[in-house]
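Chains A and B supply the protein sequences, listed in that same order. Be aware that the first sequence starts at 1, since it is given in the working numbering, and climbs by one per residue. Be aware that the second sequence starts at 1, since it is given in the working numbering, and climbs by one per residue.
The hints are simulated quantities; they were obtained by calculation from the structure and are not laboratory data. Don't take every hint at face value.
As the list claims (entries may be wrong) - Calculated pairs, DSBU-like style, for lysine-lysine (alpha carbon to alpha carbon, straight line, at most 35 Å):
| # | chain 1 | residue 1 | chain 2 | residue 2 |
| --- | --- | --- | --- | --- |
| 1 | B | K52 | A | K156 |
| 2 | A | K100 | A | K210 |
| 3 | B | K152 | B | K52 |
| 4 | A | K210 | A | K156 |
| 5 | A | K71 | A | K29 |
| 6 | A | K171 | A | K320 |
| 7 | A | K162 | A | K100 |
| 8 | A | K357 | A | K172 |
| 9 | B | K152 | A | K193 |
| 10 | A | K426 | A | K210 |
| 11 | B | K152 | A | K162 |
| 12 | B | K152 | A | K171 |
| 13 | A | K162 | A | K357 |
| 14 | B | K86 | A | K172 |
| 15 | B | K86 | B | K152 |
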Amino acid sequence: MRSLRRYLVTVLIALFTLISFVAALQSYKQSASRAEALFDQDLQILASSLSQQYQAGSQQELGLALQVWQKDELVYRSALAPETSMSEIEGFSEHNFAGKRWRVFRQTPTDVLTVIVAQPLTQRQQLADEVITASIYPVVLSLPLQALLIWLVVSKALSPIKRFSAQLSSKKANDLSPVELDQVPAELDQMLKTTNQLFARLADAFEREKRFASDVAHELRTPLSVLQVNLHNASQQWQQSGIGDPEGSMLALQAGVERMSALIEQIMLLNRSNPEHFQARTEQLDLAGLCRQVVADWYPHIEKKQQQIELLGLEHLSLKGDAFALRLLVSNLIGNASKYTQANGSIQLELSIAQDKAVLVVQDNGPGIAPEEYNRVFDRFYRVGGDRHQSGTLGSGLGLAIVRDIVVLHQGQIHLGTPDFSSGLKVTVELPL
Amino acid sequence: MLINTVLMFLRELLPLCLLLATLLVWHRSVWRSFAMYFALPSVLMLSLISLKIVWISEQLDGLGLELLYSFLYLICFVLLCVAALKSKYELWSSAFAAACLFSISGSNLLLYIWLPTQGDNTPADLVLGSALGIGIGASITVLWYYLLTELKQWRSQSFALLLSVSGARQVMMASALLIQSDWLPAGPQLWQTGQLLPEQSELGFFLQALMGYEATPSLSQLLLYLLCFGLLFWCCSFMENKR
Chain A
1 MRSLRRYLVT VLIALFTLIS FVAALQSYKQ SASRAEALFD QDLQILASSL SQQYQAGSQQ
61 ELGLALQVWQ KDELVYRSAL APETSMSEIE GFSEHNFAGK RWRVFRQTPT DVLTVIVAQP
121 LTQRQQLADE VITASIYPVV LSLPLQALLI WLVVSKALSP IKRFSAQLSS KKANDLSPVE
181 LDQVPAELDQ MLKTTNQLFA RLADAFEREK RFASDVAHEL RTPLSVLQVN LHNASQQWQQ
241 SGIGDPEGSM LALQAGVERM SALIEQIMLL NRSNPEHFQA RTEQLDLAGL CRQVVADWYP
301 HIEKKQQQIE LLGLEHLSLK GDAFALRLLV SNLIGNASKY TQANGSIQLE LSIAQDKAVL
361 VVQDNGPGIA PEEYNRVFDR FYRVGGDRHQ SGTLGSGLGL AIVRDIVVLH QGQIHLGTPD
421 FSSGLKVTVE LPL
Chain B
1 MLINTVLMFL RELLPLCLLL ATLLVWHRSV WRSFAMYFAL PSVLMLSLIS LKIVWISEQL
61 DGLGLELLYS FLYLICFVLL CVAALKSKYE LWSSAFAAAC LFSISGSNLL LYIWLPTQGD
121 NTPADLVLGS ALGIGIGASI TVLWYYLLTE LKQWRSQSFA LLLSVSGARQ VMMASALLIQ
181 SDWLPAGPQL WQTGQLLPEQ SELGFFLQAL MGYEATPSLS QLLLYLLCFG LLFWCCSFME
241 NKR
């Protein structure tokens, strides 16, 4: 269809016209058939009335009552007619006799002859009802058909909108490809073009953003590495030359460069894990095994701080997810727990299944976060207490933002809360199996 | 009577409406040119037949009109075949095929309206009856057009099938007139479905307009029908494959 309006107007008018005209024709045929039957009945009644004249004593029940008066003498009456005059009024009138209400017609063609014919009112109404009902039936019966056809036509007319809506709703978050529809009606054409233009602009913008963040981070990484090496060499040369670092400027510089390196690494990881950019490669994996590997990776750092780490709960937990993203998630949670927990502190990981979801709980007995900060810590570059974090630990404020992005990517949920320890933070991640 | 006028209009208009809707689906993108090619010969042929109808009727031992109608039905079928085979001529030949049918229906309707023996019809009967007939015909054209558009999108063979049925219907009508004029041997009657589906019923009317339904077909009619249906269907398939 080229235009929804033209299609709906022409088809609905055609349907209404066809059904109304066919119903009118049916009414006409039915009424004509009933009227034919009525006229035949009248003929029968007339014939029977007249035949009584020649059959003395016949008391056959007729629809009509008939009297013929000659001056004041009743010369003929039918079975239903009384012996007295049925009406004294010329023309049409209504009277009661023989236990019924009658429509009476009196005619006096000559001075001496009077003919009075009467018909029960109920019979007349019944006959009229039959004709009217016969004409109404087709119209009433056509209504459900009209309703059904209107439903079909409107559904058909709206099907391009339905297909458009279905295509939009079935799109994944990172699918910015244009919507393609066959035979787009004029009314939908501009909407489709505008939507596709919007998708194209959005795809360009995402691509630029993705490329920009990635390129900047990548370009910065190389000079930073060179800077780190040179700083290390300079520091060693200072020590060999016995200059030392009395004001700690070299150490501060090294810490700053280290923090910038970590920040750039996190920006690159954030970019990779962003649900709008990330092309997840879901596979069946063992979350418990993955947790063990990450603990092993972090173990030198944990051991250095003389912290205790335990992995409790299920020894195998199979779920569908992206191995790289989930590894990053667990690594960021353990890394955060280790970084912000004091030396000799405890970190606990627990894996379980609840309500068809894999549940990973990471808790520590570090300083924790105030409950009013729970929502803000997921914001990018947000650090509790700002850059002057009380732990003095280097951080970028991107770790939990990356974790949240990965959870969203896997259609899971993340909650912060108070741990089973006397202080610290409990992070609960729920992922669909 | 009103009903007679309605039935007369339906009998004459329905086949034309169905053929026009079918051809409009075919020439959807060039419908204006199609309308022009259809209108000019239609008016010309109708005027000629109407003006010379008495003379035509008196020719060939009084069989002139029947034979002219059979000729026009056959021309209609041939032009449909040409349209299906030669894409170069498809527009004008299909428009001319519809014009042939229009001139038959139009002259019959003019005869019905102006014939002095139509004493039963009051002017009100004629006006109301023709309005009902034209209204039903136009509605069926619109609905048939959209139905066929859907069918064509769903399966292009269905369009070829319905066009072939419509073409074979014209040959069926021609054969009925030729048998009536004793120009074609009838042969044995094959079946009788008049009780099951009377030709004068609403469905009978529609089927006759669509595919030339006959309650009592003869062998020659059936053979001719099948042959013409197969021929036009082959032409349509040939055209489809060529495209």
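Hint check:
{"no.": "1", "hint": "K52(B) to K156(A)", "verdict": "49 Å, violated"}
{"no.": "2", "hint": "K100(A) to K210(A)", "verdict": "97 Å, violated"}
{"no.": "3", "hint": "K152(B) to K52(B)", "verdict": "41 Å, violated"}
{"no.": "4", "hint": "K210(A) to K156(A)", "verdict": "42 Å, violated"}
{"no.": "5", "hint": "K71(A) to K29(A)", "verdict": "46 Å, violated"}
{"no.": "6", "hint": "K171(A) to K320(A)", "verdict": "21 Å, holds"}
{"no.": "7", "hint": "K162(A) to K100(A)", "verdict": "65 Å, violated"}
{"no.": "8", "hint": "K357(A) to K172(A)", "verdict": "22 Å, holds"}
{"no.": "9", "hint": "K152(B) to K193(A)", "verdict": "27 Å, holds"}
{"no.": "10", "hint": "K426(A) to K210(A)", "verdict": "32 Å, holds"}
{"no.": "11", "hint": "K152(B) to K162(A)", "verdict": "22 Å, holds"}
{"no.": "12", "hint": "K152(B) to K171(A)", "verdict": "30 Å, holds"}
{"no.": "13", "hint": "K162(A) to K357(A)", "verdict": "34 Å, holds"}
{"no.": "14", "hint": "K86(B) to K172(A)", "verdict": "49 Å, violated"}
{"no.": "15", "hint": "K86(B) to K152(B)", "verdict": "20 Å, holds"}
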